[in-house]
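Residue numbers (numbering that gives the first Met the number 0), protein chains in the order written: chain A, 0 to 215; chain B, 0 to 264.
Where hints are given, some of them may not hold.
[Stated by the list, open to error] Result set (DMTMM-like, lysine to aspartate or glutamate): computed pairs, CA atoms no more than 25 Å apart in a straight line: (1) K120/A - E264/B; (2) K29/A - E181/A; (3) K167/A - E181/A; (4) K159/A - E117/A; (5) K256/B - E62/A; (6) K169/A - D205/A; (7) K159/A - E106/A; (8) K32/A - E147/A; (9) K256/B - D11/A; (10) K92/B - D85/A; (11) K26/A - E158/A; (12) K169/A - D203/A; (13) K120/A - E26/B; (14) K92/B - D11/A; (15) K159/A - E147/A; (16) K32/A - D203/A; (17) K256/B - D22/A; (18) K29/A - D141/A; (19) K120/A - D85/A; (20) K32/A - E206/A; (21) K29/A - E199/A.
Honestly, the hints are just simulated from the structure, not real lab data.
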Amino acid sequence: MITLNNVGKSYDTRRGSRSVLCDINLKVGKSQKIGILGRNGAGKSTLVRILGGTERPTYGTVERSMSVSWPLAFSGGFQGSLTGFDNLRFICRVYGADIDTATRFVEDFSELGAYFREPVKTYSAGMRARLAFALSMAIEFDCYLIDEVLLVGDTRFHEKCHNELFEKRKDRALVLVSHMAEQIRAHCETFFVLHAGRIEQFDDVDEAYEYYEKNG
Amino acid sequence: MEARHSTSLTRSLAIQSRVIGALLMREIITRYGRHNIGFMWLFAEPMLFTLAIVGLWTASRATHGSNIPIVAFAVTGYSSILLWRNSALRCTKAIVPNLSLLVHRNITVLDVFVARILLEVAGGIMSFIILSTAFIALGWMAMPVDVFKIVQALLLLSWFALSLSLIIGAITELSEVLDRFWHPTVYILFPLSGAVFMVDWLPKDLQSYVLWLPMVHGVEMLRSGYFGPGVVTHYSVSYQMLMNFVLLLIGLFLVDKAGRQVIPE
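Produce the complete structure using the sequences and hints provided.
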């Protein structure tokens with residue numbers, strides 16, 4: 000379970016403090032699939048980072064009683080001089096996971112071949128994305144946080160990712176934020192709209208979409 | 000006002016040391032690479048610098064109003080500067096290149112700094128040990144008199160390096176202006192830090208001012224350990240410890256402040 004109790008976040012800008020999230024109350028239960036719809040700049044990424052504990056809220060409390068992934072980015076910020084393998088070892092050490100098991104998985108899944116042991120700066124954009132996705136699947140979490148589903152690689156690889164995340168990990172919780180109603184319809188069961196820093200729950204995705212459109 | 004953590008202290012410590020270990024390994028690879036002599040640069044770099052200074056001083060026959068052995072004087076002085084100067088330097092603007100790592104909840108700004116400081120301090124101490132051993136073997140330097148005191152002095156200086164570097168790392172993150180101020184400050188501190196003089200050579204009234212600087216005590220203690228009672232030194236272990244502690248508290252406070260401002264990529 001992740002619980003946000005009356006959470007707010009504001010950033011200091013040159014024109015004073017700007018509030019991004021206000022009074023957010025949200026519970027993410029075991030294997031619950033939550034979709035949050037919001038426009039660019041609605042505070043979606045900030046909300047995901049607060050859920051994941053990457054950022055601290057300005058006020059309110061966050062409780063986490065299950066393991067939560069980092070906000071999965073399908074492009075990934077990599078240090079160019081490190082190899083794919085170095086990055087994997089780093090992630091494993093940080094999360095206390097077994098390096099050999101993870102290596103077998105990532106080598107197989109990412110299809111990088113010999114490039115896995117070459118510096119990331121020699122990778123194409125598609126190869127980086129494949130590495131980033133494979134790394135985020137190498138560590139098991141109870142809840143995955145996803146900031147927009149970006150299609151990785153070609154159709155076949157895209158299907159593989161879909162299978163790995165949404166089929167094999169059906170029993171896990173998921174929080175997906177997006178500005179695309181279709182993604183949320185496809186993967187979620189509980190629907191929210193984030194608008195002007197406030198969050199609102201809807202019974203079905205069409206109602207949510209209607210509200211989202213009206214407040215655009 | 001806080002994110003609530005239900006993690007126990009011992010578990011937190013275990014996570015923290017795992018994270019710092021991972022960052023250390025990463026730093027070693029990104030800084031020194033796999034090619035050439037790689038990780039050897041950790042001590043080869045300071046070694047080259049010390050050799051250059053020894054060379055210059057020997058060539059110019061610089062007499063410092065004392066018959067102190069110049070090689071040992073340079074090695075002890077420069078090594079002690081290396082400890083705090085390099086680690087502070089490696090902490091300036093250290094957050095931006097590591098922003099993408101901060102998406103991992105368990106990696107904090109403090110961990111990033113501590114990993115870099117540990118690496119620099121280890122490099123500085125290693126270079127001191129290797130250089131001293133090499134010079135002693137060559138007969139350029141005498142054997143140290145009190146190894147235990149040397150170890151204590153190095154620990155105190157490393158602690159000072161940690162405290163100072165946390166402050167500098169946080170400050171350069173919090174303010175562009177203070178970042179600009181730090182660089183000239185280093186140049187002023189360099190000659191004042193006790194590395195290029197013995198406190199006893201200074202006039203009495205100047206001595207009391209110089210002894211306000213915490214690292215002067217560490218350097219004097221290091222030399223007292225190296226040269227023994229034959230050389231007059233002025234230092235206070237309790238003053239160095241008190242300053243280290245106060246600076247550490249300020250450093251931790253500022254790092255926490257900086258950590259709240261950082262927005263991970």
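These are the hints, each one checked on the structure:
1. Distance hint between K120/A and E264/B is fulfilled; the C-alpha atoms sit about 19 Å from each other, no more than 25 Å.
2. Between K29/A and E181/A the alpha-carbon distance is near 23 Å, which keeps this suggested pair within the 25 Å criterion.
3. A C-alpha spacing of about 21 Å is found between K167/A and E181/A, which places the hinted pair at or below 25 Å, so the restraint holds.
4. For a cut-off of 25 Å, the pair hint linking K159/A to E117/A stands: about 24 Å separates their Cα positions.
5. Proximity of K256/B to E62/A is assessed by CA-CA distance (about 22 Å); at most 25 Å being required, the pair is judged to hold.
6. Pair hint K169/A plus D205/A holds up; C-alpha atoms about 23 Å apart against a cutoff of 25 Å.
7. The straight-line distance between the Cα atoms of K159/A and E106/A is roughly 14 Å, inside the 25 Å bound, and the hint therefore holds.
8. Our distance criterion of 25 Å between C-alpha atoms is met by K32/A and E147/A, whose separation comes to about 14 Å.
9. With a C-alpha separation of about 13 Å, the suggested pair K256/B and D11/A falls inside the 25 Å cut-off, and the hint holds.
10. Proposed proximity of K92/B and D85/A is supported: the alpha carbons are some 23 Å apart, at most 25 Å.
11. About 30 Å separates the Cα atoms of K26/A and E158/A, which puts this hinted pair outside 25 Å; it is violated.
12. Taken as a hint, the K169/A and D203/A pair is honoured in the structure, with Cα atoms around 20 Å apart against an allowance of 25 Å.
13. Between K120/A and E26/B, the direct Cα distance comes to roughly 17 Å. Compliance with the 25 Å bound is thereby established for this hinted pair.
14. With a CA separation close to 20 Å, the supplied pair K92/B and D11/A stays within the 25 Å bound.
15. Of the pairs offered as hints, the one joining K159/A and E147/A holds, with about 17 Å between alpha carbons and a cut-off of 25 Å not exceeded.
16. Straight-line distance between C-alpha atoms of K32/A and D203/A comes to about 13 Å, which keeps the hinted pair within the 25 Å bound.
17. The straight-line distance between the Cα atoms of K256/B and D22/A is roughly 23 Å, inside the 25 Å bound, and the hint therefore holds.
18. A threshold of 25 Å between alpha carbons decides the hint, and for K29/A with D141/A the separation of about 8 Å falls inside it, so the pair holds.
19. For the proposed pair K120/A and D85/A, the alpha carbon gap of about 13 Å is at most 25 Å, so the pair holds.
20. As the CA atoms of K32/A and E206/A are separated by approximately 17 Å, the hinted pair is consistent with the 25 Å bound.
21. Our distance criterion of 25 Å between C-alpha atoms is met by K29/A and E199/A, whose separation comes to about 21 Å.
This entry does not satisfy hint 11, going by the numbered hints stated previously; all others are met.
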